[in-house]
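Participant: Each chain is listed here by its residues.
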Amino acid sequence: MTSNALKIDDKDNVAVATEPIARGAAVIVNGVSICTAAEDIRAGHKIALVDIPAKGNIIRYGEVIVVATMPIARGEWVHIHNTQPATG
Amino acid sequence: MEFYGYRRQDGRFGVRNYVLVMSSVACANGVVEAIGRVFPDVMAVTHAYGCGYATEDAAVSACTLTGLANNPNVGAVLVIGLGCEGLQCGYLVQGIKDKPVATLIIQRDGGSAATTAKGIEIVRRFLEELRLQQRVPAPVSSLVVGLECGGSDAFSGMTANPAVGNAADRFVAEGATCLLSETTEMIGTTHILKRRAASPQIAGQIEQMIENEEKLVRATLGDRAGMVIAPGNIEGGLSSITEKSLGCITKGGTTSINEVLGYAQTPTKRGLVLMDTPGYDIDSMAGFAASGTQIMLFTTGRGSPAGFPCVPVIKVVSNSTTYKNMPGDMDVNAGVIIDEGKTIEQVGLEIFELALRVANGQQTCAEINRSQPFNYLKQGPTF
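Sequences listed follow chains A and B, in order.
Be aware that the first sequence starts at 7, since it is given in this note's numbering, and climbs by one per residue.
Be aware that the second sequence starts at 104, since it is given in this note's numbering, and climbs by one per residue.
Keep in mind that the hints were calculated from the coordinates and are not lab data.
Every clue listed holds true.
Here chain B is said to cover these stretches of chain A; the calculated rule only asks that three of the stretch's residues, wherever they fall, bring their Cβ under 8 Å from a Cβ of chain B:
(1) 11-22
(2) 42-52
(3) 59-70
(4) 74-87
Cβ coordinates follow ideal geometry from the N, Cα and C atoms, glycine included.
Input sequences plus hints: build the corresponding full structure.
Facilitator: Shown next, in the form of structure tokens:
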């Protein structure tokens, strides 16, 4: 299966779309289907690979990049509308 | 490993051999531009500063302009002054060493037309002198390589930046110096960079440098401090400065951090060195050029075509879409890491080998396009 998302570190709970992923399509990381996109995801944007609770850490590069401001379900888009800076 | 460069009297090597014509103050820009029109191969550098500012900016200005003139890629320098400016060109040229230098002052030398005519004669003499100089074998360890990014996107941290980091590791392995800058884009990564410091003292300097920058950002932006990301970056998918910073510092590769420099200061250590510069890429590149950097590796995602005067800049783009959308602007397409399954190591080697060819004289896209904007750090008010 051709990958459409990239995960950088094993600890990451998000992947980054390498091409547009339509709602309902499989999110494929390293050739493995991880989940289904809950909404349209633009290339370069992040997708939750697991359910993340409100105030839960969003981890990329193995480090905390932002914190969820609301519960984020697996397959949902992760960006500034549902997160805030961890140090802000 | 060797390349072919121009040997300077102080033992450094240039990868280019420019005649630099620059103004000491914006009021002299017209003459600099007029001389530049006569000699398209001369590097004519103008700027908006040189008068009416506070002590700190005056010091940065002098250091940056003198530093650019002292860059080993510059073979001869003509400075054009006005006469009544704060940053006197006599003061500027005092610091220029080991190369032919001349000054002209418009108020003294007969106004714009006469000064331009005198400048043309001086440049003609410089060009004849430099034509006799030839490239000689030079060690790769003598290179100072600047690592820069601008117009990043979410792919920058996955493809272009790690690939440049791999190239940086290769330069460091050869004994060269690599400069990583843009303190704004290190905010949120202090704990990671400190782990890589060569000594506790350097770790302390890293912490202080980033803390000072963060204080400045917070004082200026208040509640929005955590979101110091250009709109293009948010559009591209980056959610915070920490996410962007993590992707940014991968340009520095994996080696230890051996020194921390102020803006436009010259490195005294080999290996990976940090320089305190703003995130604005043009200002950051000016700090590099003034420090003696001979070549720069510049990553972009959205597509920055900008090079820099006197210093060849290799543009490494993070994705194939931008590479195809901007033909002739990008030297390396790191998007193949996603499209073609190439490894970061493969693209890193490609960048390293291209950088050596560029050091030998091959032109970069930004050089061919003459995309060489000049600006430098200014912080205080103008009076």
